[in-house]
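Asks: Residues per chain are reported as follows:
Number of protein chains: 2
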Amino acid sequence: MDIIKNPKEMQKISERKRNEGKIISLVPTMGFFHEGHLSLIREGRNLGDFLVVSLFVNPIQFGPKEDFNSYPRDFERDKRLAYKEGVDVIFAPSIDLMYPESFQTKVEVENLTKNLCGKKRPGHFKGVTTIVAKLFNIVKPHFAIFGQKDYQQLIVIKKMVEDLNFDLEIISMPTIREEDGLAMSSRNNYLNHEEREAALCLSRALKEAESLFYSGERISSRLINRMEEIINKNKLNKVEYIQICDANTLEDLDIIDRPCVIALAVKVGKARLIDNLVIKN
Amino acid sequence: MDIIKNPKEMQKISERKRNEGKIISLVPTMGFFHEGHLSLIREGRNLGDFLVVSLFVNPIQFGPKEDFNSYPRDFERDKRLAYKEGVDVIFAPSIDLMYPESFQTKVEVENLTKNLCGKKRPGHFKGVTTIVAKLFNIVKPHFAIFGQKDYQQLIVIKKMVEDLNFDLEIISMPTIREEDGLAMSSRNNYLNHEEREAALCLSRALKEAESLFYSGERISSRLINRMEEIINKNKLNKVEYIQICDANTLEDLDIIDRPCVIALAVKVGKARLIDNLVIKN
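So the sequence lines, in the order shown, correspond to chains S and F. Here the first sequence is numbered in the numbering used here, starting from 813 and rising by one per residue. Here the second sequence is numbered in the numbering used here, starting from 813 and rising by one per residue.
Treat the hints with care, since some could be wrong.
27 Å max Cα-Cα, derived DSSO-like pairs, lysine-lysine [said to hold, decoys possible]: (1) Lys-817(S) to Lys-970(F); (2) Lys-918(S) to Lys-834(F); (3) Lys-1045(F) to Lys-926(S); (4) Lys-824(S) to Lys-834(F); (5) Lys-829(F) to Lys-829(S); (6) Lys-931(F) to Lys-1045(F); (7) Lys-817(F) to Lys-970(S); (8) Lys-1050(F) to Lys-918(S); (9) Lys-824(S) to Lys-824(F); (10) Lys-938(F) to Lys-820(S); (11) Lys-896(F) to Lys-926(F); (12) Lys-970(S) to Lys-961(F); (13) Lys-1019(F) to Lys-820(S); (14) Lys-938(F) to Lys-932(S); (15) Lys-970(S) to Lys-970(F); (16) Lys-932(F) to Lys-918(S); (17) Lys-918(S) to Lys-820(F); (18) Lys-824(F) to Lys-834(S); (19) Lys-829(S) to Lys-824(F); (20) Lys-820(S) to Lys-824(F); (21) Lys-824(S) to Lys-970(F); (22) Lys-834(F) to Lys-834(S); (23) Lys-1019(F) to Lys-824(S); (24) Lys-918(S) to Lys-896(F); (25) Lys-926(S) to Lys-1050(F); (26) Lys-820(S) to Lys-1050(F); (27) Lys-829(F) to Lys-834(S); (28) Lys-829(F) to Lys-820(S); (29) Lys-918(S) to Lys-970(F); (30) Lys-1019(F) to Lys-938(F); (31) Lys-938(F) to Lys-931(S); (32) Lys-918(S) to Lys-926(F).
Since the hints were made in silico from the structure, they are not lab data.
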């Protein structure tokens, strides 16, 4: 397994692999791997001959008051885990090489980023699409694998790929959960014991909404109210949003009459956690 | 010579050519070829094994009151000229395929687009960088050739390529002029006989500024005033801007103490004409 830090070097290697007829998979990450990342990496391994995992905590997708500095990092552990999964290259560029002083180009998906997390984290998705466009040009993958846990990110990136004609396929993988239902996230690391317990309300609320839906409830506000009740029962939780949106356009739905995503963001202590459930109808 | 209208088909052909080890050149145009375009096409022919000329009047780079509808078009003539120059493919996609209804992704170079034409044509360069990013992903060129006549466009595209890590080289070619000095432009087509005469002031003013510079003048305002005088002498001309800017950052220079561009935009009748001169020092 190679560790590549220079974008130009990575690009040269990828171009050579493509010319050799190899299929390249890319798993873009911010590191601090958990089973969610590993499931993406395994899918990348299945799909391609040459598997690149990028590891870069991307400063421009964090707001000024967000957790860029405290975001958990453990490069040595990530390296061991990647090696075990048969990763060919960890691409771990420096901030300087990715964003030199004169850097000033941004990629923006304009509509899909207006709702949900986009509303609460202005500039976040612009930072995401910009880094992902750069990674696509550097690594030149045939497949790029993303988790459904970040559902809006997934939809936004698919749109960028379609709109800008990137010649690659976005593969999405299901959210991986702890045994008790908590969606895996590097940010779970921020939770103390009590907060960890409180955080369980997120997946419980989604489960409850799902079962109400399957009992015939189609009015979004009723599902949302019920979820809010469940989450607010624990005083450590502060709901940021609970919304039910069209699964493709991410516009709010009053009545669930088409495929939808039930999405929520909750502050639990320092941690801002998100989770979601897609209902295909 | 093939005429390709479908982006996916173009992309497949380009990918195949790359896999065969061919070097691809791209000349992006809006058609209505003149000697300026042909000089870019000839350079593309020199540099690559496989020469693609894109021909697309890009709606999103025109403002609502600009000349998208009246922009001159003559596909049959362009086809003949391209064929004579040994072009392999004319890529002439439809607007529907480039911008389907749900299209919403934009690429923006944030600082270099604030001055000069960017100030007068809000959104113009965002439209340019977005279409060029799309063309790069569709045609996958090793070289893309642009004219210096659109100097700010050239600098903006170079920045986008650097910032987003496009794996290709931007080649710039000198402005081609009529015998009397008028910079070639598809928009010269809008000029009647008198306006054509008035438009000569643009290149004359630049020549005069150049000769003042070489006689030792370094104060930008003096050069600008002299150019303004020359252009305003003809009542058909309406100066939009005359500026002297750092050749790399495009910031205004009071004193010419480094490489600069003298750039101007003038309305002559219906035609908005631009011209420039780079002084390397």
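Asks: All the hints need checking, so say for each whether the structure fits it.
Replies: Tested hints:
1. Lys-817(S) to Lys-970(F): holds, 23 Å
2. Lys-918(S) to Lys-834(F): violated, 31 Å
3. Lys-1045(F) to Lys-926(S): violated, 51 Å
4. Lys-824(S) to Lys-834(F): holds, 16 Å
5. Lys-829(F) to Lys-829(S): The hint holds at about 16 Å.
6. Lys-931(F) to Lys-1045(F): holds, 25 Å
7. Lys-817(F) to Lys-970(S): The hint holds at about 23 Å.
8. Lys-1050(F) to Lys-918(S): violated, 34 Å
9. Lys-824(S) to Lys-824(F): holds, 21 Å
10. Lys-938(F) to Lys-820(S): Distance ~26 Å between Lys-938(F) and Lys-820(S) Cα, so the pair holds.
11. Lys-896(F) to Lys-926(F): violated, 39 Å
12. Lys-970(S) to Lys-961(F): Given that 27 Å is the threshold and the Cα spacing comes to 36 Å, the pair is violated.
13. Lys-1019(F) to Lys-820(S): violated, 41 Å
14. Lys-938(F) to Lys-932(S): Roughly 25 Å separates the two Cα atoms, so the pair holds.
15. Lys-970(S) to Lys-970(F): Roughly 26 Å separates the two Cα atoms, so the pair holds.
16. Lys-932(F) to Lys-918(S): Given pair Lys-932(F), Lys-918(S) holds - Cα atoms ~21 Å apart, limit 27 Å.
17. Lys-918(S) to Lys-820(F): Since the Cα atoms of Lys-918(S) and Lys-820(F) sit roughly 25 Å apart, the hinted pair holds (cutoff 27 Å).
18. Lys-824(F) to Lys-834(S): holds, 16 Å
19. Lys-829(S) to Lys-824(F): holds, 18 Å
20. Lys-820(S) to Lys-824(F): Judged against 27 Å, a Cα distance of about 25 Å means the pair holds.
21. Lys-824(S) to Lys-970(F): Given that 27 Å is the threshold and the Cα spacing comes to 20 Å, the pair holds.
22. Lys-834(F) to Lys-834(S): Status holds; Cα separation ~17 Å.
23. Lys-1019(F) to Lys-824(S): Since the Cα atoms of Lys-1019(F) and Lys-824(S) sit roughly 44 Å apart, the hinted pair is violated (cutoff 27 Å).
24. Lys-918(S) to Lys-896(F): It is violated: about 39 Å lies between the C-alpha atoms, which goes past 27 Å.
25. Lys-926(S) to Lys-1050(F): Roughly 41 Å separates the two Cα atoms, so the pair is violated.
26. Lys-820(S) to Lys-1050(F): Cα-Cα ~47 Å, so violated.
27. Lys-829(F) to Lys-834(S): holds, 16 Å
28. Lys-829(F) to Lys-820(S): holds, 22 Å
29. Lys-918(S) to Lys-970(F): holds, 14 Å
30. Lys-1019(F) to Lys-938(F): violated, 31 Å
31. Lys-938(F) to Lys-931(S): holds, 23 Å
32. Lys-918(S) to Lys-926(F): holds, 15 Å
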